[in-house]
Structure formats: structure tokens, C-alpha cells
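Sequences listed follow chains A and B, in order. Numbered by this note's numbering, the letters in the first sequence go through residues 350 to 524 in order. Numbered by this note's numbering, the letters in the second sequence go through residues 138 to 262 in order.
Hints were generated in silico from the structure; no laboratory data involved. Cβ coordinates follow ideal geometry from the N, Cα and C atoms, glycine included. Heads up, some of the hints might be wrong.
[Stated by the list, open to error] DEER-style ranges, computed between Cβ atoms:
hint	chain 1	residue 1	chain 2	residue 2	range
1	A	A464	B	E212	37 to 45 Å
2	B	E161	A	A404	53 to 61 Å
3	A	A382	B	E212	55 to 63 Å
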Amino acid sequence: MLQQNYFELFGLKPAFELDIDSIAARYRDLQRAVHPDKFANAPDQERRLSVQQAAQINEAYQTLKLPLSRARYLLELNGITLNDNDTAMEPMFLMEQMELRESLAEVRGKPDPFAALMTLRDTIEGKERDFVADLSAAFGSGEQSALEGARETVRKLQFMEKLLRELEELEEELV
Amino acid sequence: MAYSDKVMDHYENPRNVGNFDKDEKGVGTGMVGAPACGDVMRLQIKVNEQGVIEDACFKTYGCGSAIASSSLVTEWVKGKTLDEAATIKNSDIAEELALPPVKIHCSVLAEDAIKAAITDYKNKQ
Numbered sequence: 350m351l352q353q354n355y356f357e358l359f360g361l362k363p364a365f366e367l368d369i370d371s372i373a374a375r376y377r378d379l380q381r382a383v384h385p386d387k388f389a390n391a392p393d394q395e396r397r398l399s400v401q402q403a404a405q406i407n408e409a410y411q412t413l414k415l416p417l418s419r420a421r422y423l424l425e426l427n428g429i430t431l432n433d434n435d436t437a438m439e440p441m442f443l444m445e446q447m448e449l450r451e452s453l454a455e456v457r458g459k460p461d462p463f464a465a466l467m468t469l470r471d472t473i474e475g476k477e478r479d480f481v482a483d484l485s486a487a488f489g490s491g492e493q494s495a496l497e498g499a500r501e502t503v504r505k506l507q508f509m510e511k512l513l514r515e516l517e518e519l520e521e522e523l524v
Numbered sequence: 138m139a140y141s142d143k144v145m146d147h148y149e150n151p152r153n154v155g156n157f158d159k160d161e162k163g164v165g166t167g168m169v170g171a172p173a174c175g176d177v178m179r180l181q182i183k184v185n186e187q188g189v190i191e192d193a194c195f196k197t198y199g200c201g202s203a204i205a206s207s208s209l210v211t212e213w214v215k216g217k218t219l220d221e222a223a224t225i226k227n228s229d230i231a232e233e234l235a236l237p238p239v240k241i242h243c244s245v246l247a248e249d250a251i252k253a254a255i256t257d258y259k260n261k262q
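Pulled out of the complex, with its shape left as it was, chain A reads as follows:
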């Protein structure tokens, strides 16, 4: 089990489009089967193995359930790694990021900050949906050039996720 990739662990072929409900169900079954409590009286080695397996199943589930981490993992399986020290991005994309950050910073001063936050959230989530659709198409085609494109999309999605987390922090502060 420890040698299987995360998709195999869940009895699936590697793909971006997944049925999340069936993964969640399979996750609960697997967790039950290897739960360390079941091995409380088992020999040391078996007990250790069950702990390792439970951790691996948990990690697999956390990775597969969200589009961003699932896409990163799929790229890895295809031998495409993301270099986090690579700071070059499309200028237009960075410009837009700057503007979105500025809009977020200005929310506090708005007469109705919650309405401004909601508008901004709609914008960000709309862009995220577009990126996820792009990823779905790229992984669906499976061509190498499409996968290289998916790498860029994953990087962009990481910026959007960060932005969304900051928006959520501000939202909590304002409540």
C-alpha cells in the first residue's frame, strides 16, 4: 500500500476530474481498515505499519480533494515540478494581482466594506473557476505542451488562493 500513488490508493486512475463524494466515502473505508486502534494488541511492526498507512491515506485524501493540490500532484506524477524560486510571471497577470491586492487594501475605507468584499470575492472566485476549467482541459488532453501550460495555471491559482485567504482574514476582522 505504501508504494501506491495517491490515486491508486483510492482505486482510481490519475485524472483531474474526480468524483469527490466517492473519494470521501473510500477515504472513510480505508481509514477504518487501518485505524491504529484496531492494532492496539498487534505486534509492534504491524502497529507501526498501520500508523504509517493511516498517515498516508490522510495525506492522499487532503491532496486529492482540492483542485490546486490535486493539480500539483498530477504534474509531479507527470514529471513536471514547480520551482518555487522562479519569480517570473506574465506581466499582465502580475499587474492584475497588484490591482486586486490594492482593491483589497482599500476595502476598509469603503462606505460599505462588506459589499466591496463580496464583489471582490466574486471576482476572485470567478477567476479561480476559469483556472480550474483550464486545468481540467489541459489534463484531459494529456499532451505535454498542455501539461506545461497547466504548470503556469497552477502557479496562478496559488496567487489566487493566497488572495482569497487574505480576503477571508479581513472579513473576520471586520465582523
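Go by the hints and put chain B onto chain A.
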């Protein structure tokens, strides 16, 4: 995580925050981003006819280390020639600010930003 005193100083009193008109001929603009943490940095230089950086400014959306790294670079490049400014290394920034290993990428971002600003300026001449 605890920030060094120097990072705190730049974070609380960032130097040279702002922006220049990016369409001006004497202005070079560098925009970079760190996908790992979602930080975005814009660093601008104003260059005179002798090729000396007269003024610099930045705007960074990111953690304290990223803000401090860009703030420090704008201080460092003022009065330098383009060639001198291009020799700034991320390791110099990291050392000056006593950045921990997990924050080294913030200094990489600042080095890439000044390099990008210099390239942008040169392309416009």
C-alpha cells in the same frame, strides 16, 4: 516566527513606498511574484542621464520579510549606477536582514525585482 530587528524596522517603517509613472522614459519597473507564497512585488527606479539611479520606490504585498527585502533594496540602489545595482545578490539582502532559511525566497524576489527593473529601463532606451 520571530522577525529580526532589522526586518521589523523596515516592516514598521518601510522606506520609499510608492510608485512612479511607468511610462516615463527614465523609469524602470520590475514586477515579480512568488507563487509559493503568493507575494507580489513592484520595484521601480528613476535613472538620470549619467545612468545613475536617482530614486527608487516599491510596493509589496507579502510577508514582513518580503516587504523588508524590497524596502532595503530601494535604499541600497539609490546613488548606484545600473551596473552596480545589478550586482546586488539575494544573499547580501538575506545576510543584512538576518533572514531565516525559510524566508530566503523573499530576498530572491527582491533581487529578481531590481534586475527586472533594470532590464525594463534598458529596453526603453
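Okay, the hints, checked on the actual structure:
Between A:A464 and B:E212 the C-beta distance comes to about 39 Å, which sits within the given range of 37 to 45 Å. Checked against the hint of 53 to 61 Å, the C-beta distance between B:E161 and A:A404 comes to roughly 56 Å, which is consistent with it. Distance hint check: the CB atoms of A:A382 and B:E212 are about 59 Å apart, consistent with the given range 55 to 63 Å.
Comparing the model with each earlier hint shows no violations; every hint is respected.
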